[in-house]
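Peer 1: With our numbering, the residue at position 64 of the sequence shown is 64, and numbering never jumps.
Simulated from the structure, these hints should not be mistaken for laboratory data. Positions of the beta carbon are idealized from the N, C-alpha and C atoms, including for glycine. Incorrect hints may have been included.
Unchecked claim - For each label pair, taking beta carbons as the anchor points, the in silico distance ranges come out as:
1) I22 - T66: 26 to 32 Å
2) Y49 - D28: 24 to 30 Å
3) R56 - S35: 28 to 34 Å
4) R67 - L3: 17 to 23 Å
5) K62 - R11: 17 to 23 Å
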Amino acid sequence: VSLENVEVATRSIEQAQENLRITQLKYDEGLQRESDLLDAITSLSRSRYNHVAVQRTAFANKFRLTRMIDGF
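Sequences and hints are given; from them, build the entire structure.
Peer 2: Structure, rendered in C-alpha cells:
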C-alpha cells in the first residue's frame, strides 16, 4: 500500500505541474487571475509536501518490516 501511495503522490505532482504550466500560460495572456496562479503554485507545493510525507511513511514501514523479519 505504501508504494502505491508513493506512485499516486508522484502522479499528483505531475498533474499539479501541468496545471501550473497551463495556468501560467493563461495568466501571461491575461486569461487567469493572479489568485488562480497562486492557487496553482500552492497546489504544487502541497503535492510535493505530500510526496515527501508518503515517501517517509513508506521508508518507515519498510524499516519496521525489515526489523521484524531480521529480529532486531
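Peer 1: For every hint, state whether the structure bears it out.
Peer 2: Comparing the hints with the structure gives:
no.: 1; hint: I22 - T66: 26 to 32 Å; result: violated, 42 Å
no.: 2; hint: Y49 - D28: 24 to 30 Å; result: holds, 26 Å
no.: 3; hint: R56 - S35: 28 to 34 Å; result: holds, 31 Å
no.: 4; hint: R67 - L3: 17 to 23 Å; result: holds, 18 Å
no.: 5; hint: K62 - R11: 17 to 23 Å; result: holds, 21 Å
Violated hint: 1 only; the structure is consistent with all others.
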